[in-house]
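> Sequence:
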Amino acid sequence: MLVRHGQSTGNVDQPTHDHASIPLTALGEEQAKKLSARIDVRPDLIVASSFRRAQQTAEPLREKFPDVPVEIWPAEFTYLSPARCRGTRRTERLPWVKAYWQKQDPRYCDGAGAETFHDLVTRARLVLQRVEERPEERVMLFSHGQFISCLLDVARHPYATDGERMAIFRRLPELENTGLVYLLLPQHE
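This note's numbering runs 367 ahead of the 1-based position in the sequence shown.
Errors might be hidden in some of the hints.
What the hints assert, rightly or not - With a straight-line cut-off of 20 Å between C-alpha atoms, the simulated DMTMM-like cross-links for lysine to aspartate or glutamate are:
#1 Lys400 / Glu426
#2 Lys470 / Asp529
#3 Lys401 / Asp380
#4 Lys465 / Asp529
#5 Lys465 / Asp486
#6 Lys465 / Glu482
#7 Lys401 / Glu426
#8 Lys465 / Glu531
#9 Lys401 / Glu430
#10 Lys400 / Glu543
#11 Lys431 / Glu397
#12 Lys401 / Glu543
#13 Lys470 / Glu482
#14 Lys400 / Asp385
#15 Lys431 / Asp407
#16 Lys465 / Glu541
#17 Lys465 / Asp477
#18 Lys470 / Asp407
#19 Lys431 / Glu504
#20 Lys431 / Glu443
#21 Lys400 / Asp434
#22 Lys465 / Asp380
#23 Lys431 / Asp411
Because the hints were derived from the structure by calculation, they are not lab data. Since the structure is predicted, the reported quantities are computational estimates derived from the model, not experimental observations.
Make a model of the complete structure from these sequences and hints.
The following block contains the structure:
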């Protein structure tokens with residue numbers, strides 16, 4: 368199962384200082400609690416992105432199932448330079464976001480600490496591989512909208528090039544905060 372983090376301060380246009388430490392809002396914390404209450408099947412493994420908002424979203428489920436192992440995996444995407452974004456609001460970053468995606472260059476890097484689209488696809492493939500290596504387990508991954516969209520796209524279209532994937536990426540549906548989707552992988556014999 369894949370879960371997008373709850374509403375964060377970045378989602379509601381509050382200034383952010385670095386991508387990794389953006390916290391949940393009060394509504395996001397409530398969304399995380401409601402999500403945990405809805406899940407009645409014990410996962411075998413809880414995985415969270417290294418970013419604070421994903422870990423905060425996983426916390427109520429960790430408390431509900433304290434014996435379930437927890438792992439932190441790199442399951443996020445930072446495509447704008449963190450230094451340039453420090454102290455900015457979502458609306459202030461929109462022109463940079465638009466310019467990044469208009470380049471349609473999977474190897475473009477926006478600056479120090481930023482990743483390329485190719486980096487995102489590579490990481491998504493690695494995460495899918497890690498999940499596939501645990502076919503008997505119910506893995507619950509708390510991550511981010513763009514990362515989850517990429518995971519699903521890579522699983523559905525494993526042979527697409529990075530350029531093909533990037534050309535349609537922004538048109539893929541994104542999960543709402545605390546949206547949940549099941550990832551069904553093919554069984555290997």
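> For the pair supplied as a hint, Lys400 and Asp434, is the alpha-carbon distance within the 20 Å limit?
holds, 18 Å
> Can the restraint linking Lys431 and Asp411 be considered satisfied, given a maximum Cα separation of 20 Å?
Satisfied, since the Cα-Cα distance of roughly 13 Å is no more than 20 Å.
> Lys431 and Asp407 were given as a pair; does the straight-line alpha-carbon distance stay at or below 20 Å?
The hint holds at about 10 Å.
> Going straight from one Cα to the other, do Lys465 and Asp486 come out at no more than 20 Å?
Holds: Lys465 and Asp486 sit about 19 Å apart, inside 20 Å.
> Check the hint pairing Lys400 with Glu426 against an upper bound of 20 Å on the C-alpha distance.
holds, 9 Å
> Would the pair Lys401 and Glu430 pass a check requiring their Cα atoms to be no farther apart than 20 Å?
At roughly 13 Å apart (the allowed maximum being 20 Å), Glu430 and Lys401 satisfy the hint.
> Between Lys465 and Glu482, does the CA-CA distance stay at or below 20 Å?
holds, 16 Å
> Hey, Lys431 versus Glu443, does the alpha-carbon distance stay inside 20 Å?
violated, 25 Å
> For the pair supplied as a hint, Lys401 and Glu543, is the alpha-carbon distance within the 20 Å limit?
holds, 14 Å
> Is the Cα-Cα distance between Lys401 and Glu426 20 Å or less?
holds, 12 Å
> If you draw a straight line from the CA of Lys465 to the CA of Asp477, is it 20 Å or shorter?
holds, 12 Å
> Lys431 and Glu504 were given as a pair; does the straight-line alpha-carbon distance stay at or below 20 Å?
holds, 18 Å
When the structure is compared with the earlier hints, violations turn up for hints 3, 14, 18 and 20 and for no others.
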